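J.: Residue strings, one per chain:
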Amino acid sequence: MTRVKVVSVFPDLLGTYGDSGNALVVSKRLALRGFEVTLLEANLKSGVPNDGDFYLIGGGEDGPQARAAELLTADKPLEHALSSGAALLAVCAGFQILGASFLGPDLQPRNGIGIFDCVTHRFEGPRSVGELIVRPADELGNVGLLTGYENHQGVTELLHGAQPLGVVAAGNGNNYGTKVDGAIDGRALGTYMHGPVFARNPKLCDFFISLVVGSLEPIDDPDLIAAHENLYLERINQVIK
Amino acid sequence: MENSIIGPRLRFATAVARMASWIVRTLNIGEGAALPGKVLLRIYPDAIKDLSRSLPTVLISGTNAKTTTTALCKEALSGSFSIVSNVTGANMEEGIAFSLASRNFLAESKSLGVFEVDEAYLAVIGTRMETRIIALLNLSRDQLDRVSETRMTSGKWRAFLGASPNIKVVANCDDPLIVYAAQVSPGVLWVAAGLNFRQDARSCPVCGGEIEFSDSGWTCSCGFARPVPDVKVEGKKVVFGGKTIEVDLGLPGQCNVANAAVALGIASLLNVDLDSAVRRMSQMTEVAGRYKRVAIDGHSVRLLLSKNPAGWLEVFDMVGDDPSVVVGINSQIADGRDPSWLWDVPFEALRGKEVVAAGERAYDLSVRLHYADVAHRVIKDPLEAISACQGNEVTFVGNYTSFQDLRKALDGSESPFLNSVRRLGERIFR
Ligand SMILES: [Zn+2]
Chain A
1 MTRVKVVSVF PDLLGTYGDS GNALVVSKRL ALRGFEVTLL EANLKSGVPN DGDFYLIGGG
61 EDGPQARAAE LLTADKPLEH ALSSGAALLA VCAGFQILGA SFLGPDLQPR NGIGIFDCVT
121 HRFEGPRSVG ELIVRPADEL GNVGLLTGYE NHQGVTELLH GAQPLGVVAA GNGNNYGTKV
181 DGAIDGRALG TYMHGPVFAR NPKLCDFFIS LVVGSLEPID DPDLIAAHEN LYLERINQVI
241 K
Chain B
1 MENSIIGPRL RFATAVARMA SWIVRTLNIG EGAALPGKVL LRIYPDAIKD LSRSLPTVLI
61 SGTNAKTTTT ALCKEALSGS FSIVSNVTGA NMEEGIAFSL ASRNFLAESK SLGVFEVDEA
121 YLAVIGTRME TRIIALLNLS RDQLDRVSET RMTSGKWRAF LGASPNIKVV ANCDDPLIVY
181 AAQVSPGVLW VAAGLNFRQD ARSCPVCGGE IEFSDSGWTC SCGFARPVPD VKVEGKKVVF
241 GGKTIEVDLG LPGQCNVANA AVALGIASLL NVDLDSAVRR MSQMTEVAGR YKRVAIDGHS
301 VRLLLSKNPA GWLEVFDMVG DDPSVVVGIN SQIADGRDPS WLWDVPFEAL RGKEVVAAGE
361 RAYDLSVRLH YADVAHRVIK DPLEAISACQ GNEVTFVGNY TSFQDLRKAL DGSESPFLNS
421 VRRLGERIFR
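Same order as they appear, the protein sequences are chains A and B. Counted from 1, the first sequence has number 129 at position 129 by my numbering; the numbering is strictly sequential. Counted from 1, the second sequence has number 325 at position 325 by my numbering; the numbering is strictly sequential.
Take these hints with a grain of salt, some might be off.
Lysine to aspartate or glutamate pairs mimicking DMTMM-like chemistry, simulated, CA-CA at most 25 Å apart [said to hold, decoys possible]:
hint, chain 1, residue 1, chain 2, residue 2
1, B, K380, A, D221
2, A, K203, B, E210
3, A, K5, A, E79
4, A, K45, B, E210
What the hints contain is simulated information worked out from the structure, not anything from laboratory work. Source: prediction; values computed, not measured.
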């Protein structure tokens, strides 16, 4: 495969926290490996295609979140794409709508898309805001500690042994008490880490890419590698000092 | 207003606050408003209400351009009123309380309050003061871990204005979230002040559907649409009904013509002569150190402050021909702890310039610039970064504390010891 399609899902609804950067990072890291990349902004008008290779959904506000869930439940483009071999990353509000249920702007439960076996409730305590560090699940291989920034009121409960993306080393992640973050199910990844998460964790990005295209050559750009390394170490040291 | 309205307890509280401010300024450990304002409110919680009695007031709020629009407005009205206003940037309760504590009741005649107000505090402050006019500029993503979401803010403003029919509103009709907040008010003066950054305005605040933007405005299928403007901006002209006013400012950028149009809208509601208002505004060349050019180590440096993606779109307009750009990004509380928003800024616009990434979060910026294919260096200290530029003309763009730190460094007043005293003080009074 040399041509790939990267789909940014509803950046007009779920694009509030810089998460659109994930699509840019995936696209560039593919291009640097010689892939011919089409980066598509799937917005309200165009709708979401089901023939993409990589899908990225970001965080956003309650109203637009509920609207995105409605649209994605109707045509099921994400389920179609996943079953034909695509990979999916969903962050924060985007992660919540991939569960069985989440809360609408009226705080009533809404049906999610059901890709992850989890439900999101409202937490009556303080909002989870701050640096988040996550020890990755074994499935992720050798990606190292993950770093990001969380900012959410909802808490997500994994059901029936659903697999978290990792164990929280600092911060809150899905829920106060359970100390895990996100979810992973095959080629679908969910997390509360903004940053955007792939800019903060290029190894996680490469793992995500390899889910679709197989093993990858290292990137031949020492300046880019150094920039990532500086940021990664600074963020880890900032929290663990 | 007679001094007797101020009781002994309030007089004591303002005296203590003024003394605190004097100490803060003498030691040069802060702007001299926030901390004394906290002291004042702790001793006398009703200070804002009691100190603003019989002071008709204009409040200006929005995500961007509050400080500049407030400064333009002050200048435009200063020929007709004795103005009481904020100490720059102190736009939350404590800052406004302290600004009022500096009010000299006895010297005032025909006084008017003109205050910029943080988005989250507009209703709280607006209810406590004798608010006559509120100007609403724009709403977009900004420091999301501090102020909450834009839609929520728009809804809160709407509830407040709906319950305050006597307040006149001057509002930007190009921003759907502003229109949603303002349209419940019986008398709105709509100003076509523009909206560069549309990403937060694409889904309709009424129905959740998609808002369609075109050259002539915006509209949603539910019927929610751009109101007909009362005040239009056409290049360097501001058009009011039949009257066209030439606006030739000393401040750079088209965005400042729009800010001046809002100030003229406010002036018209107060029956101030618009030609003299424009003359006064056109003489301004800086606002609290912003926009002006300073000499640093042989470079001519224009200082700009920008703290979010919408603000950055205006920066690209103002960088102009400067060959070198230094960007300073911090993540103190006042900046927002999370600089993820850097990915919402189209930094690709800086390709071809000499770019230096500076500030505490220079590494976040550096990764962002790599993915925008912008060649750059990283030099965390902003002054060193400016000195290292090859180009003679440099634009420095900082977010909030990065900009303030550079200004202090230029004043020669930066001192690690005093900084730690300030941080300790902030911790005690938080
Ligand atoms: Zn609508």
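J.: Could you work out which of the previously given hints the structure breaks and list their numbers from low to high?
T.: Those not satisfied come down to hint 2.
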